[in-house]
Amino acid sequence: MRAFLRDHRKQGILSLAFLMLWGVFAAASPGTFTNLRIYRSFLSTLPVPLILALGMTLLVTLGEMDLSFPSVTAASAYVFAFLYSQGYASPPLALGAALAAGLLMGWCNGLLVVVVGVPSIIATIGTQFLWRGLVLLLADGLAIPLGSLRGEPLHFLLVGRIGAWGIPLQALWAVVIALFLAFLLNRHPFGDALLFIGDNRKTAAMMGIPVRRVRIMAFMLMGLLAALAGVLATFELNNWWPTQGEGYMLMVFAAVFVGGTSAYGGEGTIYGSFIGAIMIGIIEAGIVSAGLTGFWTRFIHGLVIILSVSVYALLERKKRGDEG
Amino acid sequence: MEPLVRMRNITKSFGSISALRGVDLDLYPGEVLALLGDNGAGKSTLIKVLSGLHAPDSGEMEVRGKRVNWKKHTVGAARKMGVETVYQERSLGEKQPLWRNIFVGRHITRGLWRRIDVNREKEITMELLSGFLGLSGVGLTAEARVCTLSGGEQQGLAIARAMHFDASIIILDEPTTALGVSEVRKVLSFVDRIRREGRCCVFISHELHHVHAIADRFAIMEHGKIEGVYPRESTSLEDLVGFLLLGKGGCS
Numbered sequence: 035m036r037a038f039l040r041d042h043r044k045q046g047i048l049s050l051a052f053l054m055l056w057g058v059f060a061a062a063s064p065g066t067f068t069n070l071r072i073y074r075s076f077l078s079t080l081p082v083p084l085i086l087a088l089g090m091t092l093l094v095t096l097g098e099m100d101l102s103f104p105s106v107t108a109a110s111a112y113v114f115a116f117l118y119s120q121g122y123a124s125p126p127l128a129l130g131a132a133l134a135a136g137l138l139m140g141w142c143n144g145l146l147v148v149v150v151g152v153p154s155i156i157a158t159i160g161t162q163f164l165w166r167g168l169v170l171l172l173a174d175g176l177a178i179p180l181g182s183l184r185g186e187p188l189h190f191l192l193v194g195r196i197g198a199w200g201i202p203l204q205a206l207w208a209v210v211i212a213l214f215l216a217f218l219l220n221r222h223p224f225g226d227a228l229l230f231i232g233d234n235r236k237t238a239a240m241m242g243i244p245v246r247r248v249r250i251m252a253f254m255l256m257g258l259l260a261a262l263a264g265v266l267a268t269f270e271l272n273n274w275w276p277t278q279g280e281g282y283m284l285m286v287f288a289a290v291f292v293g294g295t296s297a298y299g300g301e302g303t304i305y306g307s308f309i310g311a312i313m314i315g316i317i318e319a320g321i322v323s324a325g326l327t328g329f330w331t332r333f334i335h336g337l338v339i340i341l342s343v344s345v346y347a348l349l350e351r352k353k354r355g356d357e358g
Numbered sequence: 273m274e275p276l277v278r279m280r281n282i283t284k285s286f287g288s289i290s291a292l293r294g295v296d297l298d299l300y301p302g303e304v305l306a307l308l309g310d311n312g313a314g315k316s317t318l319i320k321v322l323s324g325l326h327a328p329d330s331g332e333m334e335v336r337g338k339r340v341n342w343k344k345h346t347v348g349a350a351r352k353m354g355v356e357t358v359y360q361e362r363s364l365g366e367k368q369p370l371w372r373n374i375f376v377g378r379h380i381t382r383g384l385w386r387r388i389d390v391n392r393e394k395e396i397t398m399e400l401l402s403g404f405l406g407l408s409g410v411g412l413t414a415e416a417r418v419c420t421l422s423g424g425e426q427q428g429l430a431i432a433r434a435m436h437f438d439a440s441i442i443i444l445d446e447p448t449t450a451l452g453v454s455e456v457r458k459v460l461s462f463v464d465r466i467r468r469e470g471r472c473c474v475f476i477s478h479e480l481h482h483v484h485a486i487a488d489r490f491a492i493m494e495h496g497k498i499e500g501v502y503p504r505e506s507t508s509l510e511d512l513v514g515f516l517l518l519g520k521g522g523c524s
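Chains as they are written, first to last, in the working numbering: chain V, 35 to 358; chain G, 273 to 524.
Just so you know, these hints were derived from the structure itself, not from any lab. Please note: incorrect hints may appear among the correct ones.
Claimed, not checked - Within a straight-line C-alpha distance of at most 25 Å, the following computed DSS-like cross-link-like pairs (lysine-lysine) qualify:
id : chain 1 : residue 1 : chain 2 : residue 2
1  : V       : Lys236    : G       : Lys338
2  : G       : Lys344    : V       : Lys236
3  : G       : Lys394    : G       : Lys497
4  : V       : Lys236    : G       : Lys367
5  : G       : Lys394    : G       : Lys352
6  : V       : Lys353    : G       : Lys344
7  : G       : Lys394    : V       : Lys353
8  : G       : Lys343    : V       : Lys236
As the list claims (entries may be wrong) - Chain V is faced by these chain G residues, among others (derived, beta-carbon under 10 Å):
id : residue
9  : Ser323
10 : Val347
11 : Tyr359
12 : Gly365
13 : Glu366
14 : Arg372
15 : Phe375
16 : His379
17 : Thr381
18 : Thr413
19 : Glu415
All values reported here derive from a predicted model rather than from experimental measurement. Note that beta-carbon positions come from the ideal geometry of N, C-alpha and C, so glycine has one too.
Between the sequences and the hints, there should be enough to build the whole structure, so can you do that?
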């Protein structure tokens, strides 16, 4: 147990910080935070940024990033909305097409970064504009209402409410994805390859890891998860809209870094990003229900981000100091 | 004695630069062969050919009597034949735990999902640490990060890894550069261990006194060719210094 805590110090500190934040909110507005309603609302809205943050964790661990995910989210969901609303495809088929579109856009990012050699931060700024522009052109800038989705079995499967408490199913999917990605990162050779490539790409190549293939696959996985997030958001609101995903950019990176994943690559924590995304996600509701103006939200977001990354940096320095 | 590796007339060019111009070299079990020469003489290209990072333009190589197919010559293929290289500062993931470094690229996996058997891997890592490396410090666990080990211990970890995976030809690229005296002593003892177990060690270094203290033969490279291979019995440290540093052509 002590060894576990020593090896997972960051996760421990983060968990405490999360409980403290929740405690402060609960103390400030007990009426809101002891009522089931707010949690049901969190469970319906948080899964989308959560899934995005989990995918980004793997990319950051690899030493890359993807700034195009908001556009990939919107473009993939557009594929679904277009095919379904025009009657070209049943919902499952349209879902498959949307996920394939996400994979394809991720593959393009991967090719630009790995084959052409453009740094990922620059390449994905480019594709972010590209896919958003394309989808605005195709949709003529208009939203696509999808009211008829509500009766579909797939609608229930993705975003239905289950049990006496009406738990949104997308929350369950987010947990399943988190568990799967945690397994992938920590207990699978693919995750091992991500860690070593992020740590030292030359070492990884020398040790026989197929570096190029793994890097391209990681971008494709991010594309797939962005597509899934986009479809979930579309199902939840029974609507597709052209600026979908835009609000998630900074939130997702904040969640990853608040969670304790290293910006230098070679280290990443799925648990951290999971908690980080929830912390970032509940701040707005916490502030508003405490009776403060919504303007506080950004300030507190900033505070939480700066505090957490400073603590991690100090921990890292101490560790290196210990080690001479 | 049959050589473990037989290289014949290996050539390799990069653009208009010929890095290797017809290299012949045999490596034998239970020997330490020092590969010497100035920067640019072709040492690193030669070991990259040996270890599967480059395929040469022409030439032949046999490992334990088996002809190498250059079209399928990769790091993985070379390792399967028992050739493993320990590069200076490039063999380990500094931020990764020891057990991941031992098993990177070669994990013990179970089942359809290829789940890494972490407990087994940690066990083996601890055995290697206390056995080969002679490390059993309090609090030293398989979860420790590589950067907590000294430079000599890091070289030792990479060598232990190669030996665990049954490498019969272990290539060390500048393993003693930038190490203190006691660390050098550690590394040389690891090299001696490779030899005593009947494996072959190719030792690349500019540190002539380290090389002379441990190697059985000295292969001197110049302009992409092996100028000569000299046995230790008839070669003094002065000969090596004279040839490599003072340019007095040819050892005894």
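For each hint, the structure was consulted:
Taking the CA atoms of Lys236/V and Lys338/G, the gap is near 29 Å; set against the 25 Å cutoff, the hint is violated. Only pairs whose Cα atoms come within 25 Å are accepted, and Lys344/G paired with Lys236/V is accepted, the gap being roughly 21 Å. The suggested pairing of Lys394/G with Lys497/G is violated, with an alpha-carbon distance near 44 Å, which exceeds 25 Å. Using a Cα cut-off of 25 Å, the hinted pair Lys236/V and Lys367/G holds, with the two alpha carbons roughly 14 Å apart.
A distance of roughly 23 Å separates the Cα atoms of Lys394/G and Lys352/G; the hinted pair therefore holds under the 25 Å criterion. For a cut-off of 25 Å, the pair hint linking Lys353/V to Lys344/G is broken: about 43 Å separates their Cα positions. Pair hint Lys394/G plus Lys353/V holds up; C-alpha atoms about 22 Å apart against a cutoff of 25 Å. The hinted pair formed by Lys343/G and Lys236/V meets the criterion: a straight-line CA distance of about 22 Å does not exceed 25 Å.
The interface hint given for Ser323/G holds, since its Cβ lies 8 Å from the closest Cβ of chain V, which is under the 10 Å cut-off. Taking 10 Å as the C-beta cut-off, the interface hint given for Val347/G holds, the closest approach to chain V being about 4 Å. Given the 10 Å rule on beta carbons, the hint for Tyr359/G holds: about 6 Å separates it from the nearest Cβ of chain V. With its C-beta approaching chain V no nearer than about 4 Å, Gly365/G sits inside the 10 Å limit, and its interface hint holds.
Annotation: Glu366/G was flagged as interfacial toward chain V, and the flag holds, the nearest CB pair being 6 Å apart, inside 10 Å. Below 10 Å, beta-carbon pairs count as interface contacts, and Arg372/G has one with chain V at about 6 Å; its hint therefore holds. Satisfaction of the interface hint for Phe375/G is found here, the shortest Cβ-Cβ separation to chain V being roughly 8 Å, below the 10 Å cut-off. Restraint check, His379/G versus chain V: the minimum CB separation of about 5 Å is within 10 Å; hint holds.
Because the smallest distance between the Cβ of Thr381/G and any Cβ of chain V comes to about 7 Å, under 10 Å, the interface hint for this residue holds. Of the supplied interface hints, the one on Thr413/G holds, with its beta-carbon coming within about 7 Å of a beta-carbon of chain V, less than 10 Å. At its closest, the beta carbon of Glu415/G sits 5 Å from a beta carbon of chain V; the interface hint therefore holds under the 10 Å criterion.
Checked against the numbered hints given earlier, the structure breaks hints 1, 3, 6 and satisfies all the rest.
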